[in-house]
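**Student:** Take a look at the letters that make up each chain.
There are 2 protein chains.
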Amino acid sequence: MIVLRREVGDVLRGHRQAQGRTLREISASAAVSLGYLSEVERGEKEASSELLASICGALNLPMSKMLSDVSDRAAESEAVSALVTLPVARRSDLVRASAA
Amino acid sequence: MIVLRREVGDVLRGHRQAQGRTLREISASAAVSLGYLSEVERGEKEASSELLASICGALNLPMSKMLSDVSDRAAESEAVSALVTLPVARRSDLVRASAA
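Quick mapping for you: the protein sequence lines, in order, are chains A and B.
For any residue, its number in the working numbering is found by taking its place in the first sequence, counting from 1, and adding 195.
For any residue, its number in the working numbering is found by taking its place in the second sequence, counting from 1, and adding 195.
Because the hints were derived from the structure by calculation, they are not lab data.
Just to be clear, a hint being listed does not mean it is correct.
[To be verified] Below 25 Å or equal to it, Euclidean Cα-Cα: the simulated SDA-like pairs (lysine to any residue) are:
| id | chain 1 | residue 1 | chain 2 | residue 2 |
| --- | --- | --- | --- | --- |
| 1 | B | Lys240 | A | Val198 |
| 2 | A | Lys240 | B | Thr280 |
| 3 | A | Lys260 | B | Arg208 |
| 4 | B | Lys260 | A | Glu273 |
| 5 | B | Lys240 | A | Ala277 |
| 6 | B | Lys260 | B | Val227 |
| 7 | A | Lys260 | A | Gly238 |
| 8 | B | Lys260 | A | Ala277 |
| 9 | B | Lys260 | A | Ser272 |
| 10 | A | Lys240 | A | Gly209 |
[Stated by the list, open to error] Per label pair, the in silico range of CB-to-CB distance:
| id | chain 1 | residue 1 | chain 2 | residue 2 | range |
| --- | --- | --- | --- | --- | --- |
| 11 | B | Gly252 | A | Gly215 | 36 to 42 Å |
| 12 | B | Gly252 | A | Tyr231 | 25 to 31 Å |
| 13 | B | Ser224 | A | Glu271 | 44 to 50 Å |
| 14 | A | Glu220 | B | Ala226 | 40 to 46 Å |
| 15 | A | Tyr231 | B | Glu273 | 24 to 30 Å |
| 16 | B | Ala223 | A | Thr217 | 45 to 51 Å |
Beta carbons: idealized from backbone N, C-alpha and C, even for Gly.
Work out the full structure, taking the sequences as your base and the hints as a guide.
**Tutor:** Below you can see the structure in the form of structure tokens.
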């Protein structure tokens with residue numbers, strides 16, 4: 196099952212690291228405690244809508260972009276679990292088809 | 196400011212109504228109380244990741260699709276607020292440009 200807060204946390208951390216910024220910088224800019232931000236990034240805390248907006252603002256990351264990144268990750272997980280739950284015969288058909 | 200829980204609520208309600216299903220049906224299928232589901236749809240309650248997954252499951256709505264719908268709505272809001280916060284001169288330029 197897709198756990199949204201984990202995907203959101205990974206996306207937020209990915210953008211922060213891609214910008215070469217620290218947890219401390221973002222927590223100060225977003226007015227969120229460093230510990231809380233860290234828990235959100237690790238998918239351990241559900242961030243409220245207001246907090247998410249504030250973190251996205253601190254990252255100069257449009258909410259729409261954050262959400263489409265999370266949607267892409269969810270789509271990948273869904274594709275993998277659809278494949279895993281196929282009967283073995285159909286799975287091998289797919290593997291053969293993709294190799295052809 | 197985009198309030199994520201309101202956009203999520205609108206998207207969930209939109210899919211439920213498009214399927215011609217009642218709050219009662221979805222709440223039973225998702226094992227969520229009717230009152231809680233109603234509050235989530237109205238954007239009054241933050242749904243946990245687990246609850247969202249359960250509601251999406253009851254709607255046969257992939258999480259990735261729900262998120263991309265919410266992302267599209269957020270992108271529209273962002274475009275509107277970008278326009279509103281432009282200086283008046285630039286805004287009228289845009290209106291002129293789009294009329295040309």
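**Student:** Each of the hints needs a verdict: does it hold here or not?
**Tutor:** Right, here's what the structure says about each hint:
| no. | hint | result |
| --- | --- | --- |
| 1 | B:Lys240 / A:Val198 | holds (18 Å) |
| 2 | A:Lys240 / B:Thr280 | violated (33 Å) |
| 3 | A:Lys260 / B:Arg208 | holds (23 Å) |
| 4 | B:Lys260 / A:Glu273 | holds (11 Å) |
| 5 | B:Lys240 / A:Ala277 | violated (31 Å) |
| 6 | B:Lys260 / B:Val227 | holds (21 Å) |
| 7 | A:Lys260 / A:Gly238 | holds (19 Å) |
| 8 | B:Lys260 / A:Ala277 | holds (15 Å) |
| 9 | B:Lys260 / A:Ser272 | holds (13 Å) |
| 10 | A:Lys240 / A:Gly209 | holds (17 Å) |
| 11 | B:Gly252 / A:Gly215: 36 to 42 Å | holds (39 Å) |
| 12 | B:Gly252 / A:Tyr231: 25 to 31 Å | holds (29 Å) |
| 13 | B:Ser224 / A:Glu271: 44 to 50 Å | violated (26 Å) |
| 14 | A:Glu220 / B:Ala226: 40 to 46 Å | holds (41 Å) |
| 15 | A:Tyr231 / B:Glu273: 24 to 30 Å | holds (25 Å) |
| 16 | B:Ala223 / A:Thr217: 45 to 51 Å | holds (47 Å) |
The structure fails to meet hints 2, 5, 13 from the earlier list, while all remaining hints are met.
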